[in-house]
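Chemist: For reference, the chains in residue letters:
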Amino acid sequence: MQRNRPPSPQTVNVLRALAADPARWRYGYDLVTEVGLKSGSLYPILVRLADRGLLDTSWEPGVGSRPRRHLYRLSEAGREFVAALTAARVERTHLKLNSRWNEA
Amino acid sequence: MGGLFFAPMLALIGVLIAWYRRDPRRFLDGPAHDAPLRLMRWATGLLSAERAEWGQAMLGELGYIEGRVRRMRFALGCVGAALVLPPWGRAAAGLWTLVALGAGGVGLYAALIVQYGLGAGAWIGVSILAVFVAGSLLGAGALVRRPGTALPGLVGGLVIALVFLTLTGFTFFDQILPDTSGWHHLVQTIVVPFLVGAAATVWTRDLIAGKRVARLAAITASLGLFVYATLAVTVIGSSGPLEEDGGFTLQGTISDRVGNNMVQLGYTLLLFAVVGWGGAAAAGRLLRRTPPAVPPAADPVPPQGA
Numbered sequence: 001m002q003r004n005r006p007p008s009p010q011t012v013n014v015l016r017a018l019a020a021d022p023a024r025w026r027y028g029y030d031l032v033t034e035v036g037l038k039s040g041s042l043y044p045i046l047v048r049l050a051d052r053g054l055l056d057t058s059w060e061p062g063v064g065s066r067p068r069r070h071l072y073r074l075s076e077a078g079r080e081f082v083a084a085l086t087a088a089r090v091e092r093t094h095l096k097l098n099s100r101w102n103e104a
Numbered sequence: 001m002g003g004l005f006f007a008p009m010l011a012l013i014g015v016l017i018a019w020y021r022r023d024p025r026r027f028l029d030g031p032a033h034d035a036p037l038r039l040m041r042w043a044t045g046l047l048s049a050e051r052a053e054w055g056q057a058m059l060g061e062l063g064y065i066e067g068r069v070r071r072m073r074f075a076l077g078c079v080g081a082a083l084v085l086p087p088w089g090r091a092a093a094g095l096w097t098l099v100a101l102g103a104g105g106v107g108l109y110a111a112l113i114v115q116y117g118l119g120a121g122a123w124i125g126v127s128i129l130a131v132f133v134a135g136s137l138l139g140a141g142a143l144v145r146r147p148g149t150a151l152p153g154l155v156g157g158l159v160i161a162l163v164f165l166t167l168t169g170f171t172f173f174d175q176i177l178p179d180t181s182g183w184h185h186l187v188q189t190i191v192v193p194f195l196v197g198a199a200a201t202v203w204t205r206d207l208i209a210g211k212r213v214a215r216l217a218a219i220t221a222s223l224g225l226f227v228y229a230t231l232a233v234t235v236i237g238s239s240g241p242l243e244e245d246g247g248f249t250l251q252g253t254i255s256d257r258v259g260n261n262m263v264q265l266g267y268t269l270l271l272f273a274v275v276g277w278g279g280a281a282a283a284g285r286l287l288r289r290t291p292p293a294v295p296p297a298a299d300p301v302p303p304q305g306a
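Line order of the protein sequences matches chains V and S.
In this text, residue positions in the first sequence follow our numbering: the first is 1, and each later residue adds one.
In this text, residue positions in the second sequence follow our numbering: the first is 1, and each later residue adds one.
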């Protein structure tokens, strides 16, 4: 059964980093340095996102003797998910501001 | 008694020397096969078949990271991820069994400390025990994820533990002061673990798998025996037979008994693992020498005059 828990702050950070330029393929290590996560945290997040269909993955051929490299970008569903997250966040902020305004 | 501690240490040193001699380049890091890469290869081998692509992704990424420290940091993170990344399949049941044993042993020890007010020294002891058990479970977690290791390892451990208890006696008093002789020790600590290791290699027809099963059996058996012995102390407290070197107070007696159990845990784990490893290796040698049970291929060169 698929659980619909809200994403962790780390997952949201990864999604935002990918959503900054959704068409661009990204390397795992680039995400590690950009988001400031350890590889041990990033890869389980990427696996979960890919399992939920929010991530497209691809392989880049190896260069010389170096191995092929895995690439990641948001899928269409992933972009919609990030848009929904952002909308929900904006709505929460509005609600907070409204309640503070009413209290004041 | 001193020899019983000295022998496994010598055996362990012997195993390490044999391991080093098998491939002297093992500890010489080259740019293509450095420690982070070897570590990652080991860890990604733990992943289930459906996660193998992610293992390749981590390995591929490592190939583009420069600098020893950065490579090692990246590899260690990936090792952590590979150790916990689901799905575990049936291996999860094996690990949860061992986690229950480990948590049971540490929990019983902590309960004894509270019940008898054993003091700060005992809390240090239980902390050391917790770290030791956690390390053992981490090793067991890596072993149970290898194909064909979990069930034979757990069954092998059960066999070792049952033979051990059969010879010492199953009653709780027997756990405090076992009435055993020299040949009992030989069978409990050498013969049975050796046979389990050898049987694992013969059963799996694979030396590496046999060694893994032997190690898992050692962890299972030693944790199981520890829990049983600690349960004995919990139930009978300071009553029962008096040890020669037992404490003179209630707390002293309890502390001495759980301390003995902790020593037995470390001692049996090391000995079972080393002896089982030896049994698996010996059976592997015999298997290599034994010709395969298939009919020889026809001679491609026809005999003269045929």
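If you are wondering where the hints come from, they were derived from the structure by calculation, not from laboratory data.
Don't be surprised by glycine CBs; every beta carbon is placed ideally from N, CA and C.
One thing to keep in mind: the hints can contain errors.
To be verified - Restraint-style ranges between C-beta atoms, simulated for each label pair:
#: 1; chain 1: V; residue 1: Arg66; chain 2: S; residue 2: Arg288; range: 50 to 56 Å
#: 2; chain 1: S; residue 1: His184; chain 2: V; residue 2: Thr33; range: 58 to 64 Å
#: 3; chain 1: S; residue 1: Gly119; chain 2: V; residue 2: Leu97; range: 22 to 28 Å
#: 4; chain 1: S; residue 1: Val114; chain 2: V; residue 2: Glu103; range: 32 to 38 Å
#: 5; chain 1: V; residue 1: Lys96; chain 2: S; residue 2: Ala92; range: 37 to 43 Å
#: 6; chain 1: S; residue 1: Gly45; chain 2: V; residue 2: Gly53; range: 48 to 54 Å
#: 7; chain 1: V; residue 1: Arg24; chain 2: S; residue 2: Ala120; range: 44 to 50 Å
#: 8; chain 1: S; residue 1: Leu158; chain 2: V; residue 2: Arg5; range: 36 to 42 Å
#: 9; chain 1: V; residue 1: Ala77; chain 2: S; residue 2: Ala282; range: 34 to 40 Å
#: 10; chain 1: V; residue 1: Val90; chain 2: S; residue 2: Leu158; range: 56 to 62 Å
#: 11; chain 1: S; residue 1: Gly107; chain 2: V; residue 2: Ser8; range: 29 to 35 Å
Stated by the list, open to error - Far from chain V, some chain S residues (derived; all Cβ distances over 10 Å):
#: 12; residue: Leu10
#: 13; residue: Gln56
#: 14; residue: Met58
#: 15; residue: Gly63
#: 16; residue: Tyr64
#: 17; residue: Ile65
#: 18; residue: Ala81
#: 19; residue: Val84
#: 20; residue: Leu85
#: 21; residue: Gly139
#: 22; residue: Gln251
Chemist: Hints first: check each against the structure and report whether it holds.
Modeler: Hint check:
| no. | hint | result |
| --- | --- | --- |
| 1 | Arg66/V with Arg288/S: 50 to 56 Å | violated (36 Å) |
| 2 | His184/S with Thr33/V: 58 to 64 Å | holds (60 Å) |
| 3 | Gly119/S with Leu97/V: 22 to 28 Å | violated (56 Å) |
| 4 | Val114/S with Glu103/V: 32 to 38 Å | violated (48 Å) |
| 5 | Lys96/V with Ala92/S: 37 to 43 Å | holds (42 Å) |
| 6 | Gly45/S with Gly53/V: 48 to 54 Å | violated (28 Å) |
| 7 | Arg24/V with Ala120/S: 44 to 50 Å | violated (57 Å) |
| 8 | Leu158/S with Arg5/V: 36 to 42 Å | holds (38 Å) |
| 9 | Ala77/V with Ala282/S: 34 to 40 Å | violated (56 Å) |
| 10 | Val90/V with Leu158/S: 56 to 62 Å | holds (58 Å) |
| 11 | Gly107/S with Ser8/V: 29 to 35 Å | holds (30 Å) |
| 12 | Leu10 | holds (38 Å) |
| 13 | Gln56 | violated (7 Å) |
| 14 | Met58 | violated (6 Å) |
| 15 | Gly63 | violated (4 Å) |
| 16 | Tyr64 | violated (6 Å) |
| 17 | Ile65 | violated (6 Å) |
| 18 | Ala81 | violated (4 Å) |
| 19 | Val84 | violated (7 Å) |
| 20 | Leu85 | violated (6 Å) |
| 21 | Gly139 | holds (18 Å) |
| 22 | Gln251 | holds (43 Å) |
Hints 1, 3, 4, 6, 7, 9, 13, 14, 15, 16, 17, 18, 19, 20, counting from the list given before, are not met by this structure.
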